[in-house]
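S.K.: All chains should be built: construct the whole structure from the sequences, respecting the hints.
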Amino acid sequence: MSQPDAAPAGVIHDIGYRGYQGDRLGRSGIRFALFTHSLRGVFGLGRSGRSKVIPFGLVGVMLLPAVIIAAIVIIGGGVGPVSTPAYAQYAGQLTAATWIFVAVQAPQAVSLDMRFGTLPLYMSRPLTRGDYVVAKIAALTGGVFLLIATPILILYLGAVFAELPLGENSAAAGWAILGAVLYSAMFSGIGLLIASLTSRRGFGIAAIITVLALSYVIVSSMQGAIGHGMGEERLAGWLGLFSPNTLLDGVQVWAFDAGSSSVLPVPDGAGPVFLLVTLLVIGGSYAALAARYRKVRL
Amino acid sequence: MPYGRCVPVIEIDNLTKQFPGVTALDRLTVEVGTGVTGLVGANGAGKSTLIKILLGLSGATSGDARVLGMDAATEGPTIRQRVGYMPEHDCLPGDMSATEFVVHMARMSGLPPNAARERTADTLRHVGLYEERYRPIGGYSTGMKQRVKLAQGLVHDPELVFLDEPTNGLDPVGRDDMLDLIRRIHTEFGISVLVASHLLGELERICDNVVVIDAGVLLRASSVAEFTRASEQLAVEVTADWDEVADGLVQAGLGIEQEGHLIVVNVADDITYDIVRDTVADMNVGIVRIEPRRHRIAEVFAGGEADVAA
Amino acid sequence: MATLEVSACSRWFGNVVAVNDVTMTIGPGITGLLGPNGAGKSTLIHMLGGFLPPSTGTVTLDGEQVWKNHNVYRTIGLVPEREATYDFLTGWQFALASAELHGLDNPGEAASRALETVAMQDAAHRKIRDYSKGMKQRVKMASALVHEPAVLLLDEPFNGMDPRQRLHLIDLLRKMGANGRTVLFSSHILEEVEQLANRIDVLIAGRYAASGDFRTIRRLMTDRPHRYVVRSDDNRALASVLISDGSTAGVRLGDGVLHIDASEFLRFAEVLPRVAREAGIRLYEVSPADESLESVFSYLVEK
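Protein chains in written order, with numbering that gives the first Met the number 0: chain A, 0 to 297; chain B, 0 to 309; chain C, 0 to 302.
Just so you know, these hints were derived from the structure itself, not from any lab. Just so it is clear, CB atoms sit at the ideal spot from N, CA and C, and this is done for glycine as well.
Examples of chain B residues lying across from chain A (beta carbon under 8 Å, computed):
#1 54
#2 56
#3 92
#4 109
M.R.: Here it is in C-alpha cells:
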C-alpha cells in the first residue's frame with residue numbers, strides 16, 4: 000500500500016571505476032580482431048573518408064569490366080564466340096588496378112603503425128610479433144583476394160545465367176579462383192615486405208609500384224625484343240620468371256591450362272619451375288617480413 | 000629486500016642484461032609491492048631494458064623476474080594480459096579519434112567488442128577526456144595525448160601499469176593533473192603503478208615506495224616516508240632582521256646554519272620550538288615558516304660524477 | 000656585463016601572435032622563463048638568440064640589435080629544445096663543427112674544452128644517434144659553449160636528463176651565473192627553477208605576466224589570502240586567538256592541523272608568534288601552503 004505523501008526518494012549511483020571480470024580472448028581471438036581491423040583498413044573503413052576513395056575506386060575499376068562482360072554474355076543469350084569467359088586472365092589484364100591497390104594499401108596496413116610508433120602498444124599486449132605479422136598478411140591477402148575473386152565470381156554468375164556450359168565454366172572459374180589466391184599471396188607478400196621497410200607511406204607506395212609495374216614492363220619489353228624481335232622465344236619465355244605478373248601467368252597457363260595474358264607463353268617444361276619460384280617468392284617474402292618485425296624496438 | 004606491503008607485485012632476482020659493450024642491468028635484486036612505486040634510473044638503457052624484460056619481450060642474460068607471480072621469461076603473454084603500459088614516446092595515430100583508438104587497443108588486449116566499447120567510454124571519462132574524444136588525435140594538446148596514452152594502458156583493467164615518464168612535455172598545471180590522476184589509479188581504481196621518472200620531486204609526491212637504480216645496479220629501495228624522513232633540523236623563515244633573529248637564537252643556545260633565505264635550526268628538544276617562537280616574538284618580527292627539514296630522494300645521488308656513458 | 004633588452008617586442012606568424020608586446024631586461028645571473036605550453040617562450044628565446052627577427056619592437060644586447068648582427072652572435076649561445084638531427088656525426092665532430100663555424104682560432108681546443116665542461120669528453124667519439132636524450136642535450140650545450148659566450152640561452156635544457164645529469168647541469172649553470180654570465184633557461188619543472196634561478200619571468204599567451212623573485216610576487220598578490228598549515232600543541236585555542244585578530248580571514252580545524260587563511264600577510268606573520276606565546280601555545284610547524292612557485296604560477300595562469 001503506497002502512502003499518498005511518502006517522502007521523496009533519492010539515490011546516488013556509484014559511477015566510479017569498475018573492474019572487468021568478463022571474458023578475455025586469447026591470442027587467436029586477438030589475432031582475429033587485428034585481422035578484421037586491418038582488413039577493414041585495407042578497404043578504407045574505420046579511418047577517414049579520404050582513405051576510402053582509392054580502394055573503392057579500384058574495386059569499381061576491377062568490377063566494371065566484369066559486370067559489363069557478364070551483361071553482354073547474358074544479353075547475348077550465350078550466342079557468340081565465347082563459351083567460357085577468360086576467368087584466369089582477368090587478373091592479369093586488370094593488373095594495373097591490383098598494383099595500385101597493393102601499393103596504396105600495404106603501406107596503409109603497416110607503415111602507419113611504424114610512423115606513429117604504435118608498435119610498442121601492440122607488443123605490450125598478449126599479441127606476439129608473429130601474430131601481428133600473420134594478421135597483417137592475412138588481411139592484405141584477403142583484401143586483394145576479394146578484389147580479384149569478386150569479378151571472377153561475377154563473370155561466372157553471368158555465364159551461369161547465360162546458360163553457358165556449366166562444367167567447363169565451373170572448372171575454369173574454380174581454377175581462376177585458385178590463381179587469385181596465388182596472385183593475392185604474392186602481391187601482398189611483396190607489398191608488405193617493401194612497405195615494412197619504411198615508415199614513410201609515400202616511399203612505400205612508390206617503391207611497390209616500381210617493383211611490380213616496372214618489373215612487368217621491363218620483362219615484357221625484353222620478351223618482345225628478344226622473343227619476337229630476335230626470334231629467341233624460348234629464352235625470352237624464361238625471362239618471365241623475373242616479374243610477378245609473368246611468373247603467375249606462367250603458372251596459370253601451365254597448371255590450369257588457362258589462356259595467357261603475357262607477351263610470350265611459357266616455354267615447355269618450364270611450368271614446374273615457375274610454380275616453384277612462385278611458392279618460393281611467396282614464402283620468402285613472408286619469412287622476410289617476420290624477420291623484419293623481430294628486430295623492431297619497443 | 001622487501002618493504003611496504005607483503006604481496007610483491009614484481010620480484011627481481013639477480014637480474015643481469017648484457018649488451019655488447021654495455022651492461023644495462025647488473026645482478027639487480029629488488030621487490031616491488033602494491034601501491035605506487037617510483038623507478039629512478041641514472042642510466043637510460045637500464046630502464047627500458049628492465050621494462051622490456053618485465054613485459055616478457057626480451058630475455059635476460061641471467062637471473063629471474065616475476066610479475067604478478069608469473070615468470071617473465073616463460074609467461075610473457077599472460078603477464079601482458081594483466082599489465083598495462085604507457086610508453087614514453089609518441090605512439091598515437093594522428094588520424095584516429097581517441098575513442099576509436101582505445102576501443103581498438105581494448106580489442107587488442109582481448110576484450111570482446113561490447114566490453115571494449117563500454118570500458119573505453121568509462122576509461123576516457125576517468126582520465127578526463129570528454130567531447131574531444133571524438134576528434135582525431137592529431138589535433139590534441141600534449142596533455143590530452145598523455146591522457147589517451149594512459150587510457151589505453153588502463154582500458155583492459157590491468158592489475159599493474161607501467162608508466163614511463165608520464166609527465167613528459169606537460170606544463171606545470173598539466174603535470175599537477177597527471178600526478179593526481181596517477182595517484183588515483185591506485186587509491187580509487189585499485190591498480191598498482193610503477194612510475195619511471197627522472198623527476199624526484201614528483202615521485203616524492205605520489206609514490207609510496209621508490210627504487211633507485213644506478214648504472215644497472217640497485218642503489219636504494221625504500222618507502223618514500225623513509226626517503227623523506229624528518230631530519231633533526233628545522234627550517235625557519237622570518238619576514239625581516241634575519242641576522243638579529245639568528246643571533247638571538249644562537250644566544251639562546253641553539254645551533255644554526257644559513258641556507259639562502261632560511262635559518263636552519265638544530266632541534267635539541269621540544270623547548271627549541273618555544274625558543275624560536277619567543278625570539279621572533281620578542282623582536283617583533285613575523286614568522287613565515289617553521290618546517291621540519293626532510294631528507295630528499297636526491298640525496299642518494301649526491302657525490303659521484305654524472306654518468307658519462309649514458 | 001651582457002644585458003639583453005627586449006622593448007615593445009611582438010612576433011606573429013600569420014594571425015598567431017606568439018609574443019605580444021613584451022618589454023623586459025635580462026641581466027647577468029640566472030633567470031628562469033616560465034609559462035604554459037604555447038606561451039611563446041621558445042619564440043622569445045629564439046628572438047633573443049637572433050634566430051628570429053621581431054615583427055615589431057627591438058631586441059638588443061648592450062644596445063646593439065641582435066638580429067643579423069654577427070658581432071652579437073659571437074657573444075650568444077643558444078641551446079634549442081628540438082633534437083639536433085646530425086645523428087651520423089660524433090659528439091666531437093658536432094662540437095668541432097660549431098667551433099669552426101664560429102671562426103675560432105683554435106677550434107679543436109675550444110671543442111674539447113666545451114665537451115669537458117659538460118662532462119662528455121669520454122663519450123665524444125660515439126655517434127650522436129647512439130646517445131641517450133640527456134647526452135644529446137649535453138652535446139648541444141657543448142656546441143653552444145665553444146665560443147665561450149657571455150650570454151647563454153637554453154630552451155627546456157633539463158628535458159630527458161636523469162637525476163645525476165640534472166644535478167650536474169644545475170651546478171654548471173650556477174657556476175656560470177656566479178661568474179657573471181647571463182643565463183636564461185625555460186622549464187616546466189618549477190622545482191628546478193626555484194632552486195636555480197635568481198629571478199623568474201613569466202609569459203602567458205605571449206604576454207609578459209610577471210617578473211622578479213617569486214616570493215615577492217606572491218606578496219604582491221594581495222587579493223588572494225595566504226594559506227597556512229599550522230601544527231601546535233593546542234590547535235583549537237590557537238584558532239580562537241588568531242581569529243580575534245583582523246589579519247586572519249578564516250580558520251579551519253583539520254586532521255591534527257589548523258588551516259589558516261591570512262588576509263594580511265605581514266601582520267599575520269607578526270601576530271602569530273606573539274599570540275602563541277601569550278597563550279602559551281607551542282608552534283611545531285608553520286607551513287605556507289601556497290608560497291611555492293607552483294601556486295604562484297597557477298595563480299598567474301588563472302588570471
